[in-house]
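J.: Next come the chains, spelled out residue by residue.
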Amino acid sequence: MTAFFNYFGEGFLHFLAYLGELVELVWETLGSIFRGRIRWSLTLHQILEIGFRSQMVVIVTGAFTGAVFAAQIFFQFRSLGMESAVGPVVAVALFRELGPVLTGLMVAGRVGAAMSAEIGTMNVTQQIAALRALAVHPVDYLVVPRTLAMMISMPLLVAECVFCGIFAGYFAAVRFLGVTGSYYMVNTLKFTQMQDIFMALYKGVVFGFLIVFISCHQGLHAKDGAVGVGKGTTEAVVVSSLAILISNFFLTMTLNIIFPAGHHG
Amino acid sequence: MVEASPKPFIEVRNLRQQFGSQEILRGVNLTVFKGETLVLLGRSGGGKSVFLRHLIGLIKPVSGEIFVDGEEITHLNERQLEPIRIKVGMLFQDGALFDSMDVYDNVAFPLREHGQTDEKKIQDDVMHALELVNMLGHETKMPVNLSGGMRKRVALARAIINHPACILYDEPTAGLDPIVSDSINRLIRRLQRQLHMTSIVVTHDMTSTYHIADRVALLHEGKERFYGTLDDLKNSTDTVVQDFVLGRSYDKAE
Numbered sequence: 000m001t002a003f004f005n006y007f008g009e010g011f012l013h014f015l016a017y018l019g020e021l022v023e024l025v026w027e028t029l030g031s032i033f034r035g036r037i038r039w040s041l042t043l044h045q046i047l048e049i050g051f052r053s054q055m056v057v058i059v060t061g062a063f064t065g066a067v068f069a070a071q072i073f074f075q076f077r078s079l080g081m082e083s084a085v086g087p088v089v090a091v092a093l094f095r096e097l098g099p100v101l102t103g104l105m106v107a108g109r110v111g112a113a114m115s116a117e118i119g120t121m122n123v124t125q126q127i128a129a130l131r132a133l134a135v136h137p138v139d140y141l142v143v144p145r146t147l148a149m150m151i152s153m154p155l156l157v158a159e160c161v162f163c164g165i166f167a168g169y170f171a172a173v174r175f176l177g178v179t180g181s182y183y184m185v186n187t188l189k190f191t192q193m194q195d196i197f198m199a200l201y202k203g204v205v206f207g208f209l210i211v212f213i214s215c216h217q218g219l220h221a222k223d224g225a226v227g228v229g230k231g232t233t234e235a236v237v238v239s240s241l242a243i244l245i246s247n248f249f250l251t252m253t254l255n256i257i258f259p260a261g262h263h264g
Numbered sequence: 000m001v002e003a004s005p006k007p008f009i010e011v012r013n014l015r016q017q018f019g020s021q022e023i024l025r026g027v028n029l030t031v032f033k034g035e036t037l038v039l040l041g042r043s044g045g046g047k048s049v050f051l052r053h054l055i056g057l058i059k060p061v062s063g064e065i066f067v068d069g070e071e072i073t074h075l076n077e078r079q080l081e082p083i084r085i086k087v088g089m090l091f092q093d094g095a096l097f098d099s100m101d102v103y104d105n106v107a108f109p110l111r112e113h114g115q116t117d118e119k120k121i122q123d124d125v126m127h128a129l130e131l132v133n134m135l136g137h138e139t140k141m142p143v144n145l146s147g148g149m150r151k152r153v154a155l156a157r158a159i160i161n162h163p164a165c166i167l168y169d170e171p172t173a174g175l176d177p178i179v180s181d182s183i184n185r186l187i188r189r190l191q192r193q194l195h196m197t198s199i200v201v202t203h204d205m206t207s208t209y210h211i212a213d214r215v216a217l218l219h220e221g222k223e224r225f226y227g228t229l230d231d232l233k234n235s236t237d238t239v240v241q242d243f244v245l246g247r248s249y250d251k252a253e
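Taken in order, these protein sequences are the chains called S and P. Just so we're aligned, residue 0 is where the first sequence starts under numbering that gives the first Met the number 0, counting upward by one. Just so we're aligned, residue 0 is where the second sequence starts under numbering that gives the first Met the number 0, counting upward by one.
Calculated from the structure, these hints are not laboratory results. Any given hint could be a false lead.
To be clear about the criterion: a stretch of chain P counts as covered by chain S if any three or more of its residues have a C-beta under 8 Å from a C-beta of chain S, and this derived list gives those stretches [to be verified]: (1) 69-81; (2) 84-96; (3) 106-116.
In this text, all values refer to a predicted model and were calculated from it rather than measured experimentally. Note that CB positions come from ideal geometry on N, CA and C, so glycine has one too.
Use the sequences and the hints to build the structure in full.
T.: Dropping the structure here:
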């Protein structure tokens with residue numbers, strides 16, 4: 000019994016220590032940004048890496064999710080004679096939940112893994128120590144550009160994902176399932192509010208933060224050579240993904256107060 | 000080479016370090032004088048590299064004091080250490096070159112990071128540094144395509160390009176052929192003579208030691224067992240020191 004509590008107590012303490020390290024990293028990064036220690040060329044390079052090169056995977060994810068979601072909603076709503084409501088349901092679901100979450104998960108898999116592996120390898124091959132020895136703070140050089148790039152890229156990627164989803168949903172519903180195109184579009188526009196768009200972008204930024212700090216932290220704390228880097232990379236993806244899914248619930252609940260769902264007039 | 004009244008550049012007092020329950024350093028005291036080369040000898044895994052890392056604050060000691068150019072550094076944080084790290088350069092054991100950059104960008108890195116924007120000036124300095132380490136013509140190569148010795152020489156160019164007052168060498172000749180080792184030894188000597196750089200060289204290479212040392216220290220079981228000039232080293236009667244110098248080992252079973 001004591002062993003049981005010891006085991007979970009220790010796990011909890013490790014978790015607290017981990018959170019402490021994350022907060023420290025966030026603090027150091029924000030401090031560095033406010034001190035103006037920003038390397039714009041590295042930031043641009045990261046925008047290319049994080050934003051530009053993630054478009055394909057985000058577009059495909061958004062499009063096929065939008066299409067399949069439209070089809071399923073259509074099958075359910077047809078029996079109620081509500082085919083014209085497919086558009087707004089798809090749009091609102093994409094804006095509020097599917098768009099940001101799926102983009103977050105895909106970016107965590109693609110970019111989070113790369114960040115953790117790259118920084119982790121630099122760490123175990125002494126390149127981080129070399130940075131420090133050359134009087135360059137690793138957070139300034141590695142984490143700040145990635146954070147800024149993520150903040151800029153994520154909202155755009157989420158927007159891309161959502162719009163491709165809506166377009167693919169339209170295509171599936173109108174072309175394949177025979178919903179009237181004009182109804183679909185008019186209802187989509189009528190029932191989609193500014194607050195849905197804000198929510199999508201806001202969630203995108205938060206998920207971007209989670210990915211970048213969790214992944215950079217894993218990289219900066221990688222040890223034990225190649226095995227450690229591999230383990231850190233896996234953990235970066237798993238922890239980021241879980242953090243996105245869990246925080247999404249709480250974001251939905253709290254943001255719904257600021258950006259209430261539903262059509263108001 | 001030893002001046003009449005040399006001033007200390009680095010002073011270490013009672014430095015202790017442990018990882019887990021293993022004590023690596025058990026109260027090391029050491030002084031390095033301005034413009035001198037101190038060779039730090041010791042067995043592999045004896046904490047020499049760990050000791051060296053303390054001197055620019057890459058590792059915080061459990062206790063003890065480190066003075067660099069008169070300033071106590073063990074209480075400084077990462078950002079406060081930056082001026083110290085500009086003053087004291089370090090050559091890592093395997094070079095630790097940035098593998099995402101070619102040779103040129105690696106050597107130019109400290110210049111660009113510390114505010115140099117004039118590319119013409121950067122190019123002149125990089126070429127000069129590469130010439131000094133005999134690596135001209137390899138500018139566009141990536142670190143993965145270099146041999147161990149070449150990587151060390153490029154790393155040395157990167158370490159000296161900002162003209163630090165002192166350089167810490169972590170096993171500069173380990174794993175190199177005798178010819179390349181000799182060229183690195185000559186380079187260390189030359190940097191000291193021409194640029195009056197203070198140097199600490201961690202090694203277990205005795206040939207190298209005789210070639211470059213002004214003073215020698217031997218780290219044994221976490222403490223400095225010997226500290227003195229090359230003559231003192233030769234005349235030492237301590238068996239631990241003599242075993243190391245002559246490369247003697249004892250089979251416990253005998």
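J.: If a hint holds in the structure, say so; if it does not, say that too.
T.: Consistency of the hints with the structure:
{"no.": "1", "hint": "69-81", "in the structure": "holds (count 4)"}
{"no.": "2", "hint": "84-96", "in the structure": "holds (count 9)"}
{"no.": "3", "hint": "106-116", "in the structure": "holds (count 4)"}
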